[in-house]
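Given the coordinates of chain E, assemble chain W onto it according to the supplied hints.
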Amino acid sequence: MAKRIKGLSLQVIPFAELQSMSISERVKKILSLVLGNKIVIIHGRLRAEEEARLIEDTMAMVDHLKGFKGIELAVIEPNMEKENLFIRMKHGIAKSLVGDSSALTLIGPASIIKEIKKDPKKIELLLK
Amino acid sequence: MLKIIKSFAKRIFQRIFGRKENIKIGFYGPPNAGKTSVANKICKDWTGEELGAVSKIPHETRHVQFKEKVEITYKGRSLTFKIVDTPGIATKIDYEDFVDYGIKKKQAKKRAKEATQGIIESIQWLEDMDAVIVVLDATQNPYSQVNITIIGNLIARKIPTLIVANKIDLKKADIKRVEAAFPEYEVVGVSAKDELNFEDFYEALFRLSRKV
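In the order they appear, the protein sequences are chains E and W.
Residues 537 to 664, numbered by our numbering, are exactly what the first sequence covers, in order.
Residues 1051 to 1262, numbered by our numbering, are exactly what the second sequence covers, in order.
The shape of chain E in the complex, shown without the other chains (with noise of 0.2 Å):
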């Protein structure tokens, strides 16, 4: 049987909590969420410009707090290939002006998620 990882739970932030942040605060918060070792689900995409920013924060956290070794990050985007020429016009403006909301992001401490990737049924469990 699976071992359970300890202290491991999820986090789901909408969109809209988001939309209102500066680039800072977003990441800010995104980060101290990951640091208490929480798996964060973010209804909604980062721009590349934060995604970019996440990653300078999160290498300078690295460099400083014992233990921890970088996050694991993964948009899921709907399947917009079967959609007519307007929806996916619609989307793609919606997309360049407020982020993407259709998508989901996964945010991650990298030392749970590696132990995940060893063992997948320690997340079955968790979901149980």
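Each hint should be verified, as a subset may be incorrect.
[Unchecked claim] Here are the simulated SDA-like pairs of lysine to any residue, each with C-alpha atoms no more than 20 Å apart in a straight line:
1) E:K602 x W:Y1145
2) E:K602 x W:K1155
3) W:K1155 x E:L571
4) W:K1156 x E:L601
5) W:K1160 x E:A584
6) W:K1163 x E:D599
7) W:K1163 x E:M597
8) E:K602 x W:Q1157
9) W:K1163 x E:F604
10) W:K1163 x E:S647
11) E:K602 x W:E1146
12) E:K602 x W:K1163
13) E:K602 x W:K1208
14) W:K1163 x E:L571
15) W:K1160 x E:H600
16) W:K1208 x E:A584
17) W:K1160 x E:A596
18) W:K1155 x E:F604
19) E:K602 x W:E1164
Treat the hints as calculated values from the structure; they're not laboratory data.
Values in this document were obtained by computation on a predicted structure and should not be read as measured data.
Relative to chain E, chain W alone:
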């Protein structure tokens, strides 16, 4: 916002008053894709000297390194570049990964610390580039989040980009997969190790420089 306006004004000024003399070209990509190997090949071809050390162990390049005034002549045309080789970008650094390569724990920790600083340096230099060559390992999955983040940032900053799929000498190399991942960019397959297909690379480099 001010940065975007400045960069836009700089590009308009260059369009009106002529092209840049010394094009600053950055080599970006994930660790171990062969950025330094490709940069070394170019520097060796045109200056006779290599740029930096290479290794099978990831994060060998931990500081931005550059070669000034690399004059490349191709089919009667000549351009001068400043070649900027950057440390590989990653979202995590684990010193234990270096220990697995046989590096002693103390050295591995030092390497990890330097690697984190190198990643920060790479991202900060992005703003200063006139054009970027993204070097990817053609044997690896191109859809990694780091690759997408790098390309996304280049699109956002409107930096002309060329993708180099390195290691085409290996059986597992798949250029078509790289082309399918980033259809909006030109992809050139090369092998820095076996010095393959650099004619096509220089041709593409000159095409890229016209966009600066």
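Results for each hint:
no.	hint	in the structure
1	E:K602 x W:Y1145	holds (12 Å)
2	E:K602 x W:K1155	holds (15 Å)
3	W:K1155 x E:L571	violated (24 Å)
4	W:K1156 x E:L601	holds (17 Å)
5	W:K1160 x E:A584	violated (30 Å)
6	W:K1163 x E:D599	holds (6 Å)
7	W:K1163 x E:M597	holds (11 Å)
8	E:K602 x W:Q1157	holds (16 Å)
9	W:K1163 x E:F604	holds (12 Å)
10	W:K1163 x E:S647	holds (17 Å)
11	E:K602 x W:E1146	holds (13 Å)
12	E:K602 x W:K1163	holds (11 Å)
13	E:K602 x W:K1208	violated (37 Å)
14	W:K1163 x E:L571	holds (18 Å)
15	W:K1160 x E:H600	holds (13 Å)
16	W:K1208 x E:A584	holds (12 Å)
17	W:K1160 x E:A596	holds (15 Å)
18	W:K1155 x E:F604	holds (17 Å)
19	E:K602 x W:E1164	holds (15 Å)
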